[in-house]
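If you want the building blocks of each chain, they are given just below.
Number of protein chains: 2
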Amino acid sequence: MKKLLSSGLLSIVGLGPGDPELMTLKAERTIRAARIVAFFAKAGRSGHARRIVEGLLRPSCEELRFDYPFTTEIALDDPRYHERIGAFYDESAARVAQRLDGGESVALLCEGDPFFYGSAMYLFDRLTPNYRTTVIPGVTGMSGCSARAQVPIAHGDDVLRVIPGTLEEDALAAHLRESDAAVVMKVGRQLAKIRRACEQSGTLERALYVERGTQSQEEISPLGTVDANAAPYFSLVLVPGRRGRR
Amino acid sequence: MKKLLSSGLLSIVGLGPGDPELMTLKAERTIRAARIVAFFAKAGRSGHARRIVEGLLRPSCEELRFDYPFTTEIALDDPRYHERIGAFYDESAARVAQRLDGGESVALLCEGDPFFYGSAMYLFDRLTPNYRTTVIPGVTGMSGCSARAQVPIAHGDDVLRVIPGTLEEDALAAHLRESDAAVVMKVGRQLAKIRRACEQSGTLERALYVERGTQSQEEISPLGTVDANAAPYFSLVLVPGRRGRR
Chain C
0 MKKLLSSGLL
10 SIVGLGPGDP
20 ELMTLKAERT
30 IRAARIVAFF
40 AKAGRSGHAR
50 RIVEGLLRPS
60 CEELRFDYPF
70 TTEIALDDPR
80 YHERIGAFYD
90 ESAARVAQRL
100 DGGESVALLC
110 EGDPFFYGSA
120 MYLFDRLTPN
130 YRTTVIPGVT
140 GMSGCSARAQ
150 VPIAHGDDVL
160 RVIPGTLEED
170 ALAAHLRESD
180 AAVVMKVGRQ
190 LAKIRRACEQ
200 SGTLERALYV
210 ERGTQSQEEI
220 SPLGTVDANA
230 APYFSLVLVP
240 GRRGRR
Chain R
0 MKKLLSSGLL
10 SIVGLGPGDP
20 ELMTLKAERT
30 IRAARIVAFF
40 AKAGRSGHAR
50 RIVEGLLRPS
60 CEELRFDYPF
70 TTEIALDDPR
80 YHERIGAFYD
90 ESAARVAQRL
100 DGGESVALLC
110 EGDPFFYGSA
120 MYLFDRLTPN
130 YRTTVIPGVT
140 GMSGCSARAQ
150 VPIAHGDDVL
160 RVIPGTLEED
170 ALAAHLRESD
180 AAVVMKVGRQ
190 LAKIRRACEQ
200 SGTLERALYV
210 ERGTQSQEEI
220 SPLGTVDANA
230 APYFSLVLVP
240 GRRGRR
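Residue numbers (numbering that gives the first Met the number 0), protein chains in the order written: chain C, 0 to 245; chain R, 0 to 245.
Keep in mind the hints are simulated off the structure, nothing from the lab.
You may find that some hints are simply not true.
Since copy identity is lost for identical chains, a pair holds within one copy or between any two.
What the hints assert, rightly or not - Below, simulated SDA-like cross-link-like pairs (lysine to any residue); rule was C-alpha separation at most 20 Å, straight line:
#1 K41 with G155
#2 K192 with P78
#3 K41 with A86
#4 K192 with R79
For reference, chain C alone in the conformation it holds in the complex (with noise of 0.2 Å):
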């Protein structure tokens, strides 16, 4: 059982992959009704899942900006990542847990869905044990990407693989090797990376490349015929599958 320190509420919010349509009903009561809401976002950007609900916050609404400390400067790699990263969530997490602490509610803003593979997992993670916690799933980037490229991801026996494009190239290529179906997220830095891995598997020719599904300035290309080495961070690759009946 949990040990709840206060009758505050934290809704985890997903919204969707970027177009506000897209986000569910229940995400715009929650978000319509929310006296504070909290978000991460790049220094210095509006961000992203804030950008989604331009014009629905009530006038009064608090906002909670967590900015992350850093993006590109350190490795993934270096040590002193995880303990930066892993401080940062502590803070933000400690921020919202005053206010839940004081009866507050808070809703999390979140882009695509909340539990798939996004940084609201963190602020989870921290805060469940207790706290009162309520989690609206969202539409994933993954989904929004395949219904704009209009290519079904996987079907009938279809084993999918969801694959962060931060791997090393090798195990890129392995699992995309050996998958029905794939997606590569996280593509940005790492797309001249991801592109080897589909040549080195023999997938590239049915890799489609897709930046900013659902929001303006989206692009949709087959991956072979994209130049650039590096892609926004709402970028991801759609390798589609094809087995099981038709």
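Dock chain R against chain C, hints included.
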């Protein structure tokens, strides 16, 4: 380029995992405006997708219902299965095409996300070469169940595998053993086999069984405590991951 046969538009509408509030704003708007809706259903049942939109259809909305010709009487590996189900999708597509040919638009109702293991893909495949189509993505059953169970699916550098429960026991166990995180779909009559595969792969302790997630009569239990040998179609098994930062 498509050779468009008509001005009718086929909208393939993801409705989410079951709770009507988990449909998107775009899905709701499309359903309320529809003059013709189409949906799949098991013979004698009201149809899961149809139930989700109860109360939203215009009084004059016409309903095209496609009854699956069989559910479990013919085994999946029987060649007659593929033949008959293929003929069924051909006929269903022809009924939709007839309306599109008349310049009418049709909204095809789909539970979950249409391009994530959905039957809608078989109509999409048949109709998209010749008709205007749009796809509205939805919240998957996987995201809905993970939110309700309050168990994040995949973190950081996890590779997630989405595995149809219809695979053979040894193939299932191998996927489960090699996965960072896994979701087993299409549980139904495969439940006992899936439990054995989890045991064989050492994942039974982490495995959670979610039945009718987000719907009434929802059930969430550790898979190891579930005695039944069969489950409803709308059930899945979550084997959560946990790699990378915390």
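Results of checking the hints against the structure:
In this assembly of identical chains, the alpha carbons of K41 and G155 lie at most 20 Å apart only when taken from different copies (18 Å versus 39 Å within one copy). For the identical chains of this complex, K192 and P78 are neighbours neither inside a copy (23 Å) nor across copies (42 Å), given an alpha-carbon limit of 20 Å. When the C-alpha separation of K41 and A86 is checked against a cutoff of 20 Å, the pair qualifies only within one copy, where the shortest distance is 16 Å, while the shortest distance between copies is 52 Å. Taking the shortest alpha-carbon separations for K192 and R79, neither the intra-copy value of 24 Å nor the inter-copy value of 44 Å comes in at or below 20 Å.
Checked against the numbered hints given earlier, the structure breaks hints 2 and 4 and satisfies all the rest.
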